[in-house]
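J.: Here are the chains, one letter per residue:
2 protein chains.
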Amino acid sequence: MSEYVLIAIPAVISVLALLSAFLFNRSVVLQAQGNDRMKEIQGYIRSGAFTFMISEAKVMLITMAVIGGILWILFYWQVAVAFWIGSLLSLAAGFIGMSAATHANARTSNAAQKSFKDALNVAFSGGSVMGLSVAGLALIGLVLVIVLFRKWFLPAGLAIETDNLLNVNLIRGALIVSAYSMGASLVALFDRVGGGIYTKAADMAADMVGKVEMHIPEDDPRNPATIADNVGDNVGDVGGLGADLLESFVGAIISVMVMVMYIYVGRANPGIAGENGLIAKLGLAAGLAPESYWWVLLAPLLIVGGGIVASLLAILYIRFSRRQEGMQAVLMNGTRLAALLTAGTTFLVVWLSPLSLNVFWQVILGLAAGIGIGFFSEYFTSSSFRPTKELAKMNQSGPAVGVTEGMALGMMSTFMPVILIAAASIISYQLGGLLGVAFTAMGMLSFVAMTVAVDTYGPIADNAGGISSMAELPPEVRERTDKLDSIGNTTAAIGKGFAIGSAAFAALGLIAAYMWSAASIPAEVVLPQLPIVGQIISPTGGDPIQVGAFVIAGLMLGAMVPYVFSALLIRGVSRTADILVQEVRRQFKEMPGIMKGEETPDYNRCISITAHGGLNKMFIPAMIAVATPIVFGLVFGRYALGGFLIGALLSAIQLAIYCANSGGAMDNAKKFIEEGAFGGKNSDAHAAAVTGDTVGDPLKDTVGPSLDILIKLMSVIALVFASLFPLYPVFL
Amino acid sequence: MSEYVLIAIPAVISVLALLSAFLFNRSVVLQAQGNDRMKEIQGYIRSGAFTFMISEAKVMLITMAVIGGILWILFYWQVAVAFWIGSLLSLAAGFIGMSAATHANARTSNAAQKSFKDALNVAFSGGSVMGLSVAGLALIGLVLVIVLFRKWFLPAGLAIETDNLLNVNLIRGALIVSAYSMGASLVALFDRVGGGIYTKAADMAADMVGKVEMHIPEDDPRNPATIADNVGDNVGDVGGLGADLLESFVGAIISVMVMVMYIYVGRANPGIAGENGLIAKLGLAAGLAPESYWWVLLAPLLIVGGGIVASLLAILYIRFSRRQEGMQAVLMNGTRLAALLTAGTTFLVVWLSPLSLNVFWQVILGLAAGIGIGFFSEYFTSSSFRPTKELAKMNQSGPAVGVTEGMALGMMSTFMPVILIAAASIISYQLGGLLGVAFTAMGMLSFVAMTVAVDTYGPIADNAGGISSMAELPPEVRERTDKLDSIGNTTAAIGKGFAIGSAAFAALGLIAAYMWSAASIPAEVVLPQLPIVGQIISPTGGDPIQVGAFVIAGLMLGAMVPYVFSALLIRGVSRTADILVQEVRRQFKEMPGIMKGEETPDYNRCISITAHGGLNKMFIPAMIAVATPIVFGLVFGRYALGGFLIGALLSAIQLAIYCANSGGAMDNAKKFIEEGAFGGKNSDAHAAAVTGDTVGDPLKDTVGPSLDILIKLMSVIALVFASLFPLYPVFL
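So the sequence lines, in the order shown, correspond to chains G and U. Each residue of the first sequence is one higher than the one before, starting from 52 at the first, in the working numbering. Each residue of the second sequence is one higher than the one before, starting from 52 at the first, in the working numbering.
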């Protein structure tokens with residue numbers, strides 16, 4: 052097939068995905084909004100969410116302008132433009148998803164007045180807008196970058212190096228797609244960190260004053276922080292999640308592309324030499340036939356394009372299912388259908404392409420590992436299984452034991468996911484070297500549209516429940532939205548497993564791409580301003596003998612970064628929550644009419660305090676993620692930076708699983724007690740579990756997801772800036 | 052100097068240390084024990100501690116018999132004997148220290164009736180018994196092993212390998228000292244884990260029922276768990292600590308010795324080839340002069356011998372200081388004096404030896420890094436500094452925020468220690484390669500006698516305070532013992548920093564020794580029964596190309612082990628505490644006379660429940676530490692095991708610092724509030740801080756110290772069993 056057809060297919064698929072997203076959005080907006088009270092509350096939430104996202108976007112736009120400018124000066128303008136495209140699309144994904152979610156929330160509670168199935172349809176349509184937008188935007192952006200800068204993706208422009216030919220264009224093309232991915236990652240980190248701090252600070256403060264001090268239920272309109280809490284669900288769980296999975300998706304695709312391009316760069320690459328035998332297993336070789344170039348380069352786009360089509364079909368299956376009962380099974384079947392169809396489309400692509408069938412097995416391996424990790428996330432965090440039940444039981448011995456046991460549970464839960472990640476990485480390596488690992492990561496993310504749709508539907512249902520309570524709708528409405536929410540939790544656990552597993556794999560793929568590039572690419576090829584830049588930095592030099600100690604030091608320092616990063620996030624949440632607690636207490640004290648329901652609390656003040664905290668505490672952690680790999684690389688050189696990235700990856704995987712599952716289990720243990728176990732609500736066990744849930748909140752919703760992005764962002768930054776760094780430490 | 056003189060000097064010094072320990076013990080025993088009530092309580096504590104230690108020793112003796120038997124069958128009988136000597140001396144150190152501590156506790160409270168200085172003298176003498184015993188036993192054992200198996204330390208017995216000469220004796224000698232260290236490590240792990248679970252379970256249960264439910268003060272004789280709590284201080288903080296530092300000390304010395312012996316093994320070792328330039332900086336070379344062999348081999352023993360003499364002088368300075376006031380300064384000066392004198396004796400040894408002066412700088416670097424890490428431990432955990440003060444303040448927002456902030460503080464505190472460890476490892480590597488790193492680790496531990504003396508004095512003072520309260524001595528007595536305790540805390544923080552820092556370095560040294568050995572030693576040299584053994588295991592084979600993925604998988608799996616290990620420990624503590632809580636509640640309910648002070652609680656039942664829990668939960672974590680490196684090595688081979696060990700080291704360093712400092716800060720934040728800050732006792736902030744302290748307890752006193760041993764034990768096991776493992780994964 053000609054390259055034009057090959058690039059047209061993903062382009063058409065992404066337009067199709069965006070069109071479907073538009074139609075789903077329309078179908079949501081056409082629903083009735085409900086009574087005036089509901090409209091009012093929805094208005095508060097929507098405007099609060101937009102206000103925050105716009106303030107956040109301003110900070111990001113300035114940061115992106117500066118970083119893009121640096122890329123322009125150091126490299127080429129095309130690199131900067133690709134970076135901007137990546138970041139703007141990521142930004143757009145967050146906004147689109149959040150807009151759909153804040154349309155869908157009140158409409159879901161309104162539909163819940165009719166029937167459960169109607170409510171599910173609205174909520175799931177809202178989630179589908181997000182899922183299809185994320186996948187569609189990511190893919191169309193990549194197509195756009197390739198088409199715009201087509202010249203840099205043509206395998207030509209040979210330059211004579213010392214004793215080899217270098218395929219200069221492709222090295223620069225690899226830099227361009229890396230910058231695209233870096234833009235998406237940076238926005239995702241801001242979204243996750245800022246949104247994560249916002250949502251959990253509001254949640255903690257609302258719970259601590261409302262439930263613990265004033266003894267009013269969750270989502271009580273008398274609680275001044277309650278709207279901020281509902282805004283938080285949208286900016287954190289919807290906006291943050293969308294940007295997060297978009298960047299995972301992009302990272303996984305581009306790490307395959309970059310490695311393929313390096314293979315075409317050819318024998319000059321010593322990093323590849325040892326891997327030729329393994330690469331051959333994928334139907335590739337260092338001296339690959341030029342006519343198959345476009346097929347191989349665009350295969351990842353075709354494979355994920357297949358995943359998008361598969362997801363769209365599965366979404367339609369769920370949306371138009373006529374069953375009124377057993378919707379949990381329908382959702383699970385939908386997820387299974389998406390996975391199965393993705394396997395089918397992948398087989399088709401691989402079979403048509405010059406690639407070996409091993410690529411198909413790589414993708415299947417990724418799908419299977421993701422589902423496996425998802426299962427263990429569910430096992431450790433769902434109250435249907437022993438660990439969370441036992442945790443709930445231990446809460447009878449008080450909050451200290453509850454928290455301690457929750458931490459132990461999280462630590463224990465690292466066991467199986469890490470074994471699965473290690474096993475999948477060993478097998479995928481056997482099937483095709485480091486490039487094989489990258490294909491596996493891509494496989495895990497190939498039906499991302501479906502994952503995001505299901506994940507986003509949860510917070511919409513959550514918000515709908517909040518609106519039902521605040522608008523004082525009949526209790527059966529709240530029951531329906533609660534049921535909606537709880538069904539979403541199981542599928543969401545699988546989604547979380549995918550997020551962590553794919554982050555580990557995508558980072559491994561990016562680190563592998565970095566190491567190939569670091570080992571072989573001379574700075575002159577990608578740094579046109581080298582003579583000027585060279586006066587500031589020194590991209591050569593050093594004594595190779597002593598590099599071992601620096602790799603070990605890099606491993607240690609890299610392993611430390613996720614801890615400091617997490618500490619800043621947790622503090623951001625608790626400090627912001629602390630300020631908000633003071634404000635909520637003040638309102639209750641100074642406006643005694645609030646508790647009697649005679650006075651409206653000042654919701655907006657709470658919203659703006661939380662937003663201020665989220666924005667304030669977001670910048671430093673984000674800058675740590677950006678600056679540390681660059682500074683470390685400049686001082687200690689390319690090899691030590693490889694150690695640094697691996698150290699960070701190792702430490703972040705464990706911490707992310709520990710935090711996500713500790714928090715998830717503590718949350719569900721509390722819900723399990725609320726359902727009547729161990730004394731039910733108002734028991735001592737419940738009070739202890741509420742403390743545990745509050746401790747777990749920032750762990751599962753701020754730290755865990757942000758760590759996933761941290762390792763990918765640091766790896767992609769290393770990949771983009773690799774040529775700046777000296778080979779060995781500057782002071783040797 | 053002849054080898055006889057060189058070995059006689061450390062022998063004489065260790066006898067001197069043990070003799071001084073005996074005299075200090077006598078000086079304690081000769082003190083008056085106090086009134087009958089005090090004698091009775093001391094009797095309970097002493098017999099409770101001995102009962103537990105003896106039960107624990109039984110489990111260990113069986114384990115040691117089995118493991119020693121395996122070593123005998125696989126290797127030589129000398130290896131088994133060295134292992135047994137190491138484990139028995141470690142066992143003895145725990146018993147001696149605990150005996151001295153349980154003699155000194157009541158006598159310290161009695162002396163506190165006279166004056167503060169008298170109390171300090173008794174407590175510090177008790178601590179000195181432990182310090183001097185640990186250092187003396189470790190050194191005399193090593194001398195004994197060398198003298199007993201002198202033949203294996205003679206650089207001869209050349210065997211012709213493929214194309215090189217191999218110095219067979221030294222390879223076996225290295226195996227013998229490694230087995231000695233492994234014995235000490237195994238006992239230390241049992242002591243730390245068993246004692247750690249015991250002490251924290253008792254502490255948690257006593258606090259949860261006593262303080263929180265019954266509102267009676269700490270160490271109230273009406274609390275049935277109070278004696279178990281005091282027993283715990285002795286079996287955990289004294290017995291566990293002694294065995295722990297003994298094994299760190301031995302591990303640090305033998306990793307230098309093993310590497311020196313491998314250098315003499317000669318050019319056959321490819322692992323060394325790349326390092327020759329660095330080793331030369333230490334005055335050594337691969338083709339080293341045979342006449343300097345004994346000097347170089349025994350230099351580590353002479354250097355630490357100097358450290359023992361220095362510590363003894365510093366201990367005498369503190370013990371016979373006439374100052375009545377400012378004892379904090381005296382203790383700090385003593386520690387500084389010990390460090391300074393150690394520097395002096397080290398200079399003397401290095402100057403007399405054929406070693407380069409760089410070895411002296413290595414040792415100084417170790418001392419400095421240890422003190423630096425200690426300072427940052429203190430900064431993050433002492434209420435004199437900002438972090439703990441702020442943590443105390445945040446407790447005003449409730450227990451959830453307190454715990455969350457405590458966790459964040461611990462994560463943040465990894466920053467500086469890891470930078471110091473990385474910097475010290477880079478510098479020491481520049482000064483002498485991996486052998487230089489091992490010398491730095493040894494430097495950090497060289498004045499271990501002083502560190503242990505100061506560390507042990509703390510729990511003695513703590514126990515003395517408990518006895519004063521239980522025996523209802525006048526309040527000024529309790530005030531004096533509290534002051535004693537608080538002075539000890541500052542110096543103890545330095546000790547904790549040394550423990551973590553030295554564990555990281557010692558493990559690095561052991562891993563380096565392992566990798567030298569793994570890269571070069573043919574199985575036939577150390578596995579006499581190879582034909583038989585070979586039927587079960589396969590010490591060769593595989594395809595080197597694909598080993599990279601296994602190293603990465605090893606890093607990931609290794610990084611996971613400390614998490615699962617920690618989870619088991621935390622669960623051990625909370626499950627045991629939970630059973631004890633039920634028992635204490637039962638006693639209060641069924642014996643209403645207890646609260647009125649008319650009935651004596653059943654202390655022994657609490658002691659035996661705690662002991663049962665400690666012993667029960669100790670075995671599986673210990674076996675994980677022993678079995679995982681062996682199983683991993685057998686399946687995935689020597690190179691992948693190197694990755695596994697480094698992954699475990701990286702993860703354990705961060706987790707250990709995080710746990711130790713989170714727990715320490717939460718403890719001191721509570722004390723700070725009790726001193727009157729933020730509402731003082733009975734405030735909401737205090738209630739929150741008590742929860743935080745309870746969460747932190749198992750982190751700082753069970754998990755943190757056990758992780759230090761875990762990484763050293765796994766590394767030394769890999770070193771001993773290296774020759775059993777195939778080079779590459781068995782299934783390739």
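Think of the hints as simulated: they come from the structure by calculation, not from any bench. Heads up, some of the hints might be wrong.
The list cannot tell twin chains apart, which means a pair is met if one copy fits it or any two copies do.
Computed cross-link-like contacts, DSS-like style, restricted to lysine-lysine with a CA-CA straight-line distance of at most 27 Å [as the list claims (entries may be wrong)]:
hint, residue 1, residue 2
1, K262, K647
2, K332, K202
3, K647, K109
4, K534, K440
5, K332, K722
6, K332, K262
7, K262, K444
8, K202, K262
9, K332, K440
10, K640, K444
11, K444, K165
12, K262, K168
13, K534, K109
14, K262, K732
15, K647, K90
16, K534, K202
17, K165, K90
18, K732, K534
19, K332, K534
20, K165, K647
J.: Are any of the numbered hints broken by this structure? If so, which, sorted upward?
T.: 2, 3, 5, 6, 8, 9, 11, 12, 13, 16, 19, 20
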